[in-house]
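**Q** Going down the list, the protein sequences come from chains A and B.
For what it's worth, the working numbering labels the leading residue of the first sequence as 1, then goes sequentially.
For what it's worth, the working numbering labels the leading residue of the second sequence as 1001, then goes sequentially.
Hints are computed from structural coordinates only; laboratory data are not their basis.
It is possible that part of the hints are untrue.
Facing chain B, according to a computed beta carbon distance under 10 Å, are these residues of chain A, among others [stated by the list, open to error]: (1) 57; (2) 60; (3) 65; (4) 81; (5) 88; (6) 94; (7) 95; (8) 101; (9) 113; (10) 160; (11) 162.
Where a beta carbon is used, it is the ideal one built from N, C-alpha and C, also for glycine.
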Amino acid sequence: MNAMNVLPLQVTAAATLATVAVALWLGAGEGPRAGIRRAVLALDRYATGIATLLASLALAVAVAAGLWQVVARFATETPSVWSEALVRTALIWMAFLGVAVALRAGALVSIDVAHRSARGALRRGLEAAALAASLAMLGVMFWFGWEMAVRVRFQEMAGLEISMAWGYAAIPIGAVFAMVGAVAHFLDRRAEELENAA
Amino acid sequence: MSGMMLAVMLVLFAASIPVAIGIGIAALVGIAGYTSFPLIVAAQQLFVALDRFPLAAIPFFILAGNLMEVGGISRRLVEFARAIVGGIQGGLAATCVVTCMIFAAISGSSVATTFAIGAIMIPALVRAGYPVPFAAALQATSAELGVVIPPSIPMILYGVTTQVSIPELFIAGFGPGVLIAGSLIATVLIWCRIKGWGKGDGEGRLPLLAAARQAGFALVMPVVVLGGIYGGITTPTEASVVAVVYALVVGLFIHREIGPRDLLPIFRKSVISSAVIMFIIACAAVFSWLLNRQGVPDAAAAWLATSFDTAGLYLLVVNAFLFVVGMFVETSASIIVLAPILQEAAERLGVDGVHFGTIMVVNLALGMITPPFGVNLFAAAQVAGCGVDSMMRYLGVFILVVIACLMVITYVPAITLTLPHLVFR
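Bound-form chain A, shown alone (with noise of 0.2 Å):
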């Protein structure tokens, strides 16, 4: 293994078992187990409904920019270079933004027919196992993703003479979204999984 992963995924298996056990332990209970539990779910609320505006209006950019794209090639026939690179980059922020809003929703696609036939405790265990995963793969995009946005911060974008920065910054922020509702997901499930599946 190369040195540098080993810091980072100790501290990320660290959090994230800490993180597990305390969803664990705020997952029921009444008293002030309850009253963090509703505060968790209030800040969730904050948090995706922040990332579902901005990658909505990500998605936004991306049609207008494409629009424009169309439009330039055709009526100026001279094709534009920064819209294509806006397209790209609003979808990027839409999508790492997209994953904190489906994660919340339960939207993710899973084969989930150990957890649909599973019961009681069984059930509640695959379920600490999916925020587990979740948080663990999280915490990796969100520590190498920002390592990686500081290493380019240099470079320019081709098209739209901003820094790469800018685009890699997608992973670290959509990722702290996502470890939200994550636990969100698990103190309180939804499944909207087939209704948003494509």
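Keeping the supplied structure of chain A fixed, place chain B upon it in accordance with the hints.
**A** Just chain B now, with coordinates in the frame of chain A:
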């Protein structure tokens, strides 16, 4: 290494962990455990995988489909299809197939087709006396046409991963789509004769002209989108933008069934569907990148091409393999990981890339109606309010029909290749 990655992925899949996360973690395990790369390459590949202009067509076609569904287009298409084929015994069941076929030319997804058309067709079929599980099974199967007839999300993915031309794949889908639709229609008509279903299907239809008029704007849409691509005027991505704008204008100003208030829910739904697919694409791309670095695709393709020395045998084995894969694995992930390997072996054996891509898409589309992981089945079961188990006795027949079509598509390349050769070569 590949064995370990596969094992990790299968365990995570079996534990009901989301497909994208399962593939992503398997790739991370591979990179961290078996190579000396820093994990920063994973972040880089996640980004690079999505930073491709042709992929933009996926969220755009999804958005266009959602705009049209809310804008009342599916209902209009059902009326139109009924006016054409609804008059005979079993005509309503045939209407379901024909509507799905037309809707498929607007939408790139079969689950979206199941919801959009199923919400209208399944209740209508049940009211007309068809058994609920039959209606659900028929809807799930017909919706498969959504990815066979262009535009098609799996075809876009196939083109992006293998460098096969997306416009050629699109136009190649028409022949197989018409073959499958025709076979399904013949099947339901015979079935209705035997069981005595659907004797009153012809009642209450709109006259053809009136039906065509109310569906006019919906019917122009595929002409604009596909005409733009084949006329060489637009790329598939640009055509998808035109589709969004067209659907928006028709929904907001002409049919006036979309209000400004509907827009945020439509965008939210499109964001979720797109993000689900794009996250799978990104994670599968990291997985695939790692396999590439280890030389797995070349070795596997060389082994495949020498083990199965004729194209006919190879295609048979690949079809059987993909049928099993399709039962368990999500379509986008299968394409990104498997298409480069299988395509290269196919080319070594002299199979046309467009033909092979079509076979793969039709086969994996079959995976959407085969349990245990058949997204169309779950969608149709949800719309119909019946269990997937109860659908099985009807579904078996439909699956056999589609498998027969798949065999014809595999061994009669002309069905697939005639149109692309006429237009492009």
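**Q** Now tell me, hint by hint, if it's right for this structure.
**A** Evaluation of the provided hints:
Evaluation of the residue 57 of chain A hint against chain B yields a held restraint, the C-beta minimum of about 9 Å falling below 10 Å. Interface restraint check for residue 60 of chain A: the shortest CB-CB distance to chain B comes to about 7 Å, inside 10 Å, so the restraint holds. Look at residue 65 of chain A: its Cβ gets to within about 9 Å of chain B, closer than 10 Å, so that hint holds up. At a threshold of 10 Å, the smallest CB-CB gap from residue 81 of chain A to chain B is about 13 Å, leaving the interface hint violated.
Interface restraint check for residue 88 of chain A: the shortest CB-CB distance to chain B comes to about 5 Å, inside 10 Å, so the restraint holds. Residue-level restraint check for residue 94 of chain A holds (minimum Cβ-Cβ distance to chain B is 6 Å; threshold 10 Å). Among the interface hints, the one on residue 95 of chain A holds; its C-beta lies about 4 Å from the nearest C-beta in chain B, closer than the 10 Å criterion. Taking 10 Å as the C-beta cut-off, the interface hint given for residue 101 of chain A holds, the closest approach to chain B being about 6 Å.
Taken as an interface hint, residue 113 of chain A checks out: its beta carbon lies about 5 Å from the nearest beta carbon of chain B, inside 10 Å. Interface hint status for residue 160 of chain A: violated, as the beta-carbon distance to the closest one in chain B is roughly 12 Å, over 10 Å. Evaluation of the residue 162 of chain A hint against chain B yields a violated restraint, the C-beta minimum of about 14 Å exceeding 10 Å.
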